[in-house]
Each structure stands twice: as structure tokens, then as C-alpha cells.
Amino acid sequence: MLDIRRLHMLRTVAARGSIAAAAQSLALSAGAVSQQLSALRHDVGADLLRPDGRTVALTEAGRVLLEHADRILAAVQEAESAVAAVKGTVGTTAALAALPSTVATIVAPALTTLGSHHPQLTVTCLATDQAQLRELTLGTVDVVLGQRYHHLPDAVPRGIAISPLLDDPLLVVTAAEQADERPVVLRELATHSLAVPPPTTDCGQAILHACHQVGFTPTTRYITADIAAQLALARAGLATALVPRTAIDPATPGIRTALIEDRPILRLLFAATRHTETANPTTTAVVAALRTAARQARATHLPAV
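Numbering (UniProt numbering), first residue to last: 1 to 305.
Derived by calculation from the structure, the hints in this document are not laboratory data. Warning: the hint list may mix true and false statements.
[Said to hold, decoys possible] Straight-line distance between alpha carbons at most 25 Å, and here's what the computed SDA-like set of lysine to any residue pairs gives:
{"id": "1", "residue 1": "K87", "residue 2": "T200"}
{"id": "2", "residue 1": "K87", "residue 2": "L37"}
{"id": "3", "residue 1": "K87", "residue 2": "V103"}
{"id": "4", "residue 1": "K87", "residue 2": "A161"}
{"id": "5", "residue 1": "K87", "residue 2": "G53"}
{"id": "6", "residue 1": "K87", "residue 2": "T124"}
{"id": "7", "residue 1": "K87", "residue 2": "H42"}
{"id": "8", "residue 1": "K87", "residue 2": "H275"}
{"id": "9", "residue 1": "K87", "residue 2": "R291"}
{"id": "10", "residue 1": "K87", "residue 2": "T278"}
{"id": "11", "residue 1": "K87", "residue 2": "D129"}
{"id": "12", "residue 1": "K87", "residue 2": "A74"}
{"id": "13", "residue 1": "K87", "residue 2": "L121"}
{"id": "14", "residue 1": "K87", "residue 2": "L111"}
{"id": "15", "residue 1": "K87", "residue 2": "H117"}
{"id": "16", "residue 1": "K87", "residue 2": "T300"}
{"id": "17", "residue 1": "K87", "residue 2": "G115"}
{"id": "18", "residue 1": "K87", "residue 2": "T224"}
{"id": "19", "residue 1": "K87", "residue 2": "D43"}
{"id": "20", "residue 1": "K87", "residue 2": "T113"}
{"id": "21", "residue 1": "K87", "residue 2": "A279"}
{"id": "22", "residue 1": "K87", "residue 2": "I160"}
{"id": "23", "residue 1": "K87", "residue 2": "G159"}
{"id": "24", "residue 1": "K87", "residue 2": "Q77"}
{"id": "25", "residue 1": "K87", "residue 2": "L66"}
{"id": "26", "residue 1": "K87", "residue 2": "A75"}
{"id": "27", "residue 1": "K87", "residue 2": "I72"}
{"id": "28", "residue 1": "K87", "residue 2": "T140"}
{"id": "29", "residue 1": "K87", "residue 2": "T284"}
{"id": "30", "residue 1": "K87", "residue 2": "L73"}
{"id": "31", "residue 1": "K87", "residue 2": "T276"}
{"id": "32", "residue 1": "K87", "residue 2": "R41"}
{"id": "33", "residue 1": "K87", "residue 2": "P281"}
Modelling step: build the complete structure from the supplied sequences, incorporating the hints.
Structure representation (C-alpha cells):
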């Protein structure tokens, strides 16, 4: 009989690209993972992995087994959710992956709410911009607070359920003495020096795409994904920043914010979980707390677009 833990290891190695990377994410030694995969190979009677440069790739037998492993592991997840639903109680642990720009205004209030309503629940939080939905499919986290910019295609992996939270516009941020609070026409930014995220990020791509759509390539004098650094550069009068609304404390001194009037750049913030036919009480509680915090952020932060 196939061992579920070994199937999970095979899936993790296939996603991470190497035994060492998989071992790190599983908090195991590379030797332990190799040993378990060797046992799985013996159970199946066929090679499952082959060298591929500095990484490993699935053999044909490995690919076929992984297709079945995905269904088996999904069935296990479904069973766990069904049992949890019968018990009807929120569990004791959950893992959340969230964008760093959402921690202050959404994640922290949500965790405070969860602590009040479900004191037995301990939520660990991974603040990262990278590959959050992959971590969800691999079971590393239970809930993702992610984003999708509206100009990008909606590419949700199979087996993932999405709950929209709010539309979060990028605001034009300048030094307080350099601008008024009137809305800005995007084309006006053609004359500004900008502080923006790298073009390899979703936000950086969204800004470039929006500017190109209205006929100009932005002057990016400062490139950083650190929102605190972007705001500091704007406060000093060195650049204009484009920052998500929920990532800005309305009480921040020395800056002025304005909406983009004609071509708003919007990101959709969403909560994602692994899809199951029966709702899991623990992940449902986490998503509900995120939704409440997002609703409060929409109401109290800055006027909506």
C-alpha cells in the first residue's frame, strides 16, 4: 500500500525542483527525504525521478503517480474537513501566508479578532510576496491573503477556492507641500520621477502596463519593493510613489495622497483556501476574520474609488 507521506514528499520535490529544497520546506534532512523516496520507488517498482541539470524531474512513471497522488491527497484533505465539520469546532493551529503590504491593516486586526473569538487557535503567519498559492497547494499554509491586479489574467490553480476581499487602488504619494489632494490623471505622471517596485513584481508590472496604455514609459528613478522606502522617498520630495491604499497609514506625516482619476490601477485582495466540498471550520474562521478586517479597512482607511 502506498504511503501518503511519501506521496506528499514526491509532490513537494516535483514542485520545489530538488530534494534539498523539498527537505528544507518539509523541515527534514535531504537524506531523510531521499530515503523515503527510495522506499516509494521500491513500492512502485519504477524510477520516479531523474537528474535534470542541477534539479530533478519526474520520469513518466513519476508523472503518472503524481497525478494520482494529487487526487489521493485531495481526498485526504476532504476527509479531514468533513470530520472537522462534524466536530463543529475551530482547531488549534492554522498557517496563513499574506502580502507584507496587508499585515498592518488586515492581517493584524484579523489575528486580534481570532484571538478574541477562538483563543485556542494559534495562527502562524508567513509574510511573503512569492508563490503563495503554490504553498497552499503543497499544504505548507492553510489560507493565503493574496492579490491579483486587474490587468492580469485570472489564473487560479486547480483545487483552490478564492474569496474576494476588496479592491485596493494604488494611490499617488508625494511630499505634502508638493501637491494638492485633487485626483490625478495618470498621464500627468509622465513628468514625475517615480519610486516603484521592480518590474518583475505584479505591482511593478501593473504600473508599467497602465502607463504604457496611456502612451508613456515612466521615469523610474528608484526601484524598491519596500513600501516604507517608497514613502520615505516621497516624503523627502525625491520621487512620486504609487502605493496600495491599504498599505498607507492615513496618519503618516509629511505625505499627500491622491487617487488616479482616469485609469485607476487596482489590485484585488483575496483569501484563498484549498477547495473542499465540506467547509473546514478553522479555515472558515480565518477567512471570516480577514473579510471583516478588509471591510473595516475599506471603511476607515481612505475614500474608495
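Evaluated hints:
Restraint check for K87 and T200: the C-alpha separation of about 45 Å exceeds 25 Å, so the hint is violated. For the given pair, K87 sits about 35 Å from L37 by alpha-carbon distance, which is inconsistent with the 25 Å threshold. The hinted pair formed by K87 and V103 fails the criterion: a straight-line CA distance of about 31 Å is larger than 25 Å. A distance of roughly 22 Å separates the Cα atoms of K87 and A161; the hinted pair therefore holds under the 25 Å criterion.
Our distance criterion of 25 Å between C-alpha atoms is broken by K87 and G53, whose separation comes to about 48 Å. Restraint check: the Cα-Cα separation between K87 and T124 comes to about 23 Å, which is no more than 25 Å; the hinted pair holds. Proposed proximity of K87 and H42 is contradicted: the alpha carbons are some 38 Å apart, above 25 Å. About 19 Å separates the Cα atoms of K87 and H275, which keeps this hinted pair within 25 Å; it holds.
Annotation: proposed proximity of K87 to R291 holds, straight-line Cα distance about 24 Å (limit 25 Å). Distance restraint check for K87 and T278: the Cα-Cα separation of roughly 12 Å lies within the 25 Å cut-off, and the hinted pair is therefore satisfied. This hinted pair does not check out: K87 and D129 have alpha carbons roughly 34 Å apart, beyond 25 Å. Annotation: proposed proximity of K87 to A74 holds, straight-line Cα distance about 20 Å (limit 25 Å).
Between K87 and L121, the direct Cα distance comes to roughly 15 Å. Compliance with the 25 Å bound is thereby established for this hinted pair. Restraint check for K87 and L111: satisfied, since their Cα atoms lie roughly 23 Å apart, inside the 25 Å limit. Of the supplied pair hints, the one linking K87 and H117 holds, its CA atoms being roughly 17 Å apart against a limit of 25 Å. Distance restraint check for K87 and T300: the Cα-Cα separation of roughly 37 Å exceeds the 25 Å cut-off, and the hinted pair is therefore not satisfied.
Note on K87 and G115: the hinted pairing holds, with a Cα-Cα distance of about 20 Å set against a maximum of 25 Å. For the hint pairing K87 with T224, the CA-to-CA distance comes to about 47 Å; that exceeds 25 Å, so the pair is violated. Distance hint between K87 and D43 is unfulfilled; the C-alpha atoms sit about 35 Å from each other, more than 25 Å. About 22 Å separates the Cα atoms of K87 and T113, which keeps this hinted pair within 25 Å; it holds.
Proximity of K87 to A279 is assessed by CA-CA distance (about 12 Å); at most 25 Å being required, the pair is judged to hold. Using a Cα cut-off of 25 Å, the hinted pair K87 and I160 holds, with the two alpha carbons roughly 24 Å apart. A distance of roughly 24 Å separates the Cα atoms of K87 and G159; the hinted pair therefore holds under the 25 Å criterion. A distance of roughly 15 Å separates the Cα atoms of K87 and Q77; the hinted pair therefore holds under the 25 Å criterion.
A threshold of 25 Å between alpha carbons decides the hint, and for K87 with L66 the separation of about 31 Å lies outside it, so the pair is violated. About 18 Å separates the Cα atoms of K87 and A75, which keeps this hinted pair within 25 Å; it holds. For the proposed pair K87 and I72, the alpha carbon gap of about 23 Å is at most 25 Å, so the pair holds. Using a Cα cut-off of 25 Å, the hinted pair K87 and T140 holds, with the two alpha carbons roughly 24 Å apart.
A hinted pair counts as satisfied when its Cα atoms are at most 25 Å apart, and K87 with T284 qualifies at roughly 14 Å. With a C-alpha separation of about 21 Å, the suggested pairing of K87 with L73 holds against the 25 Å cut-off. Our distance criterion of 25 Å between C-alpha atoms is met by K87 and T276, whose separation comes to about 16 Å. Taking the CA atoms of K87 and R41, the gap is near 37 Å; set against the 25 Å cutoff, the hint is violated.
For the given pair, K87 sits about 9 Å from P281 by alpha-carbon distance, which is consistent with the 25 Å threshold.
When each numbered hint is compared with the structure, violations occur for hints 1, 2, 3, 5, 7, 11, 16, 18, 19, 25 and 32.
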